[in-house]
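Peer 1: Chains A and B, in that order, give the protein sequences.
The first sequence runs 1 to 478 under this note's numbering.
The second sequence runs 1 to 219 under this note's numbering.
Watch out, some of these pointers could steer you wrong.
Taking beta-carbon pairs under 10 Å as the criterion, some of the chain B residues facing chain A (in silico) [unchecked claim]:
# : residue
1 : R31
2 : G69
3 : T165
4 : N169
5 : L171
Label-pair ranges, simulated between beta-carbon atoms [as the list claims (entries may be wrong)]:
# : chain 1 : residue 1 : chain 2 : residue 2 : range
6 : B       : G83       : A       : R310      : 52 to 58 Å
7 : A       : N315      : B       : L208      : 56 to 62 Å
8 : A       : A300      : B       : T13       : 40 to 46 Å
Stretch-level coverage of chain B by chain A, calculated; a stretch enters the list once three of its residues show a Cβ under 8 Å from a Cβ in chain A [said to hold, decoys possible]:
#  : stretch
9  : 19-30
10 : 179-186
Because the hints were derived from the structure by calculation, they are not lab data.
Here a beta-carbon is modelled for each residue, glycine too, at the ideal position from N, C-alpha and C.
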Amino acid sequence: MSLLGIIWSMIAAACGMLGLTQAFLWWHNRKLIEFPISMLMAFSAMAIPLLEMNLVFSADAAHHDRLILWMNLAVATVLVSIVWSLRAILPTTRRWAAVLITALWIVGICVNFLLPGNLTFSEVLAVEPYMTPWGEQYFIAKGTINPWKWTADITVLLIPLYAIDGAWRARKTSSFRQSRAIVWGIVLFVLIAGTQAILLDTGHYQTPYTISLAFFFVILSFTWVLAKEAVRAGKLDEQIARTLRETERLMRINMMGEVAATLAHEINQPLSAILGNAQAAEKFLARQDPDLDEIREILADIVRDDKRARDIITNLRRMLKGDSSEDQKADLESVTREVLAFMERQLAQNAISAQLHAEKNLPRVCGGPVAIQQVLLNLILNAEHAIIEANATKRVIEVRVSKKKGGCEVQVSDSGPGIAEEIREKLFEPFVTTKKLSLGMGLTVCRRIIENQGGHLTIENQTKGGACFRAWLPACTL
Amino acid sequence: MFSGLATGVHAVTETVFIIDNDHSVRRSLSRLLRSEGIRNECFESAQAYEDRDLHNGVGCVLLDINMPGMSGIELQARLLERGHNLPVVFLTGHGDVSSSVTALKRGALDYLTKPVDEADLLRAVRHALKLHRRVLADARVRNAIRARIDALTPREREVMLQLITGMPNKLVADRLQIATKTAKVHRAHVMQKMGMRSVAELVHACHLAGIEPGAEFDR
């Protein structure tokens, strides 16, 4: 195989590889538009060396005409992709310039396909043979230059200007540092390739077409920058995910602290009663003629209080069970009931009544029961604090569980003062809080937990006053 | 010491008032006190106790801090406003440090952490009752002395005020611009009506009644 053939094949293969790389990056980050555009760029650029290869080995003028036709389309696609891809990476580039370059190429492509000949030559007159320094024969077409060719030529000047201008305007921002490799690549290689093409086409200078080689470097620079970005973003995502996981764990510990305080208070009561009763019994028994009826009563009381303590523990255990299990679907109603049962006494202590309204036959929802409990516990504690802090006269927390849009929604509304509009949406951001002694992470973690299950958590103020949190979770189809 | 002044208060009227919202806790505390022969009454809320007539015998209050509705601390404040002088012993759960401090600052006698050991409970209750017994006894003595002072004539009262500064009759007479003889008569009446045998006793009695040497009588 000839050296030219090897070079072009390799460039085509490399462009294809870069295209696949872009496709891969796009697959993993479908939100970024620069990936599909760069992918299109790389695949179009792959066509160029293949066309060039056919071109230089063909002595047929009609064949040259047809190949140049398609080559122009490929070049147009690559250049327009470069323009828009750069714009996605470097937003300081001028939109009108991108539009202008695109428009020029649209005109050029129309001329290319609709008028006789192609955009380069309106008529290919001859194909002349040349020799490479190492003695390989190649052919170059000669013909009448198309009067519309300037539309393409001018873009070769415009693109580096467009890139330099965009980079200059972004010179102090991070997007410049990220994209300067691309900008230099575009400037150098578009200039080199463009000059070469112009010189060749006007017949001043003879080499085989190597526009593809220049494009290859531009595409390489795009892939390099985008891949670097993707890796960095991936690392950042991982870091954020790790931090959030850690926060979630800390919040759970914090919540467990609250749960433990409630639990300690709850269990303290029966424990005090049992201790008092047992010591009283000892005293009664130490008497000359112990009153056995009294002792019997005391024992019955001790048994009752012991059962009460056991029920508290059972409640807690039921609430926490599944902590280690892989259960990923939950009965929202029973989860809610358990949390309310656990909170009941504490709420009663603060003279707050909790009302649960649940629809019948609710579908199971996605999400681990423990995670959902954590969210509910958090929301109910928030509601409780809101009422206590405002010292509200009406002290009610309403919890509603209902079917909604292919899932279930649980609403927690309180009779507190509601939430000031200006911080209402910000409330879910980290470190935003209305409470004096709060880190402001509770709701951030709650929203994350719910969104991890494909649901959403929102807050609104009720017209009758008080805040209302809505957590929606999709029905579990498993 | 003072003939007929110190009167014993009947132990029968000694009552501990247990205020706790938890039925079981109330029952067990009541039983424990009963097993030691201490009379007690139970209330399920601060409100219920506040609605009761003020107790006028010896007593003390065992008050749970953490209650729905009116808390123990609130009840304490309201009772103080009403001039309630029963000693208050608070019962708290673990970790109620700040409210315990508030309670003590407002004059609570003691606070006990639940679950309370019988020995601690009885010690605190007995101490509170003893304290109140003394407070009441002192009040009785004071009232008795005041009643006797009330029985004095204005002139006799003036003479008494001079006497408790330790002045001899002659000086008293000079101060009040009366004859020494007259002063002596007044002095004899004061000592008799007050039931005192010596000036020292009189000084002490006046001190108990809140009258110090050099004071002015305004009644």
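Peer 1: Are the hints correct? Go through all of them and say.
Peer 2: Here's how the hints hold up against the structure:
1. Below 10 Å, beta-carbon pairs count as interface contacts, and B:R31 has one with chain A at about 4 Å; its hint therefore holds.
2. Of the supplied interface hints, the one on B:G69 holds, with its beta-carbon coming within about 6 Å of a beta-carbon of chain A, less than 10 Å.
3. Nearest Cβ of chain A to the Cβ of B:T165: about 55 Å, over the 10 Å cut. The hint is violated.
4. The closest approach between the C-beta of B:N169 and any C-beta of chain A is roughly 62 Å, which is over the 10 Å cut-off, so the hint fails.
5. Violation of the interface hint for B:L171 is found here, the shortest Cβ-Cβ separation to chain A being roughly 63 Å, above the 10 Å cut-off.
6. Separated by about 46 Å at the C-beta atoms, B:G83 and A:R310 break the suggested range of 52 to 58 Å.
7. Hint check: A:N315 to B:L208, Cβ distance near 59 Å, so the stated range 56 to 62 Å holds.
8. The supplied range of 40 to 46 Å is broken by A:A300 and B:T13, whose beta-carbon atoms lie about 32 Å from each other.
9. Only when three residues or more bring their CB closer than 8 Å to a CB of chain A does the claim for the stretch 19-30 of chain B stand; here the count is 6, and the claim holds.
10. Given as covered by chain A, the stretch 179-186 of chain B fails the check, having 0 residues with a CB less than 8 Å from a CB of that chain where 3 are the minimum.
Hint check: violations occur at hints 3, 4, 5, 6, 8 and 10; the rest are consistent with the structure.
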